[in-house]
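Q: Below are the chains, spelled out letter by letter.
Number of protein chains: 2
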Amino acid sequence: MKTTAKPIENLINQLNKLPGIGNKTAQRLAYHILDMDIEKVKTLSSSIVEAKENVKECSICSNFTDQDPCGICADTRRDESIICVLEYPKDVEAMERAGCYFGMYHVLHGVIAPTKGIGPLDLKIRELLKRLESDEVKEIIIATNPTVEGDTTALYLSKIINPLGIKTTRIGYGLPVGGDLEYYDEVTISTALDNRRELK
Amino acid sequence: MKTTAKPIENLINQLNKLPGIGNKTAQRLAYHILDMDIEKVKTLSSSIVEAKENVKECSICSNFTDQDPCGICADTRRDESIICVLEYPKDVEAMERAGCYFGMYHVLHGVIAPTKGIGPLDLKIRELLKRLESDEVKEIIIATNPTVEGDTTALYLSKIINPLGIKTTRIGYGLPVGGDLEYYDEVTISTALDNRRELK
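Protein chains in written order, with the working numbering: chain H, 1 to 200; chain F, 1 to 200.
Since the hints were derived computationally from the structure, they do not count as laboratory data. None of the hints are false.
Any copy, or any two copies together, can satisfy a pair, since identical chains are not distinguished.
As a list, the in silico BS3-like pairs of lysine-lysine whose alpha-carbon atoms are at most 27 Å apart:
#1 Lys130 / Lys56
#2 Lys116 / Lys40
#3 Lys6 / Lys40
#4 Lys24 / Lys42
#5 Lys124 / Lys40
#6 Lys24 / Lys56
#7 Lys40 / Lys56
Please take these sequences and the hints and turn them into a complete structure.
A: Okay, here's the thing in structure tokens:
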């Protein structure tokens, strides 16, 4: 019954570990890879390591980037008086796709989730507070997802940022509760931005 | 709008080329990979190239293997008088999973598909005929998929093998027409094997 060659089995196991890739899909992908030209296989393989090795976090906003500061932080045309706080780098892409926001970003790389042992110190909150010392920031838009963890994080941030005299707002509830920012269309994101309300 | 770092974009593009991986999934996978430990990323990356580099075709049955001859061809307990002809290596796995067949295999690496420019010379048919010269083969079970191409290939094979005095059978139509062998359960495959009929 054990007829699959070890390198194939190994590849299937590795692919199987990726999110949303079940055993069946991993198998399909593995056999597809075996049918590809060796050059294309090498390109695929190296693109994985190269992405991991060449992509760092921006020293300002903590978004993924291959140059520091990242393209957005380095863009002088953007409004530096406003920072949109997001959970993950993919959320920056979702915001940029919406094309309606021209301020800066700050990526937390997570949310406060006590059940998973993730506290404020595990997130890029110190880095955010440091930006507030030096920058002339007038508003922080907290655009964490409308989930329990996202709301908790928003409340926490507003409690430590409001005393600094900076307005904190929460992205509008145009988003269905329990959802994930990554999946919304431009109009929903744009509406949610317009509906933002101040956290006091 | 072009805010994604190039190595990320490159990785997304590479993943996007894999079958069944759309742009959205490619993005999810890419960001997941960026969040993985570098060691795990390297393991994933090298498993891809290693599978491609270390897996060859068995010189007897043309199945993928990391040793030549493959484990099945080298297994003296198997019945050498019967060869099951399959489209792809993944079909060997499906057959072995069914656990009801103890003969040998021959993998064609495709089917005759004139519309795609694939003729008999593009498949491992010469290799099959060579086996029939030397081996004491009494029956060829043609288990290509019950599609137009699979049936065409079966008919072609029976026409060139029958004159050699070797019985050719077609795997039974327990399988729904238009399907793909890879997806069937043990019982269906086992029934289909029992229902095989001779091609005259």
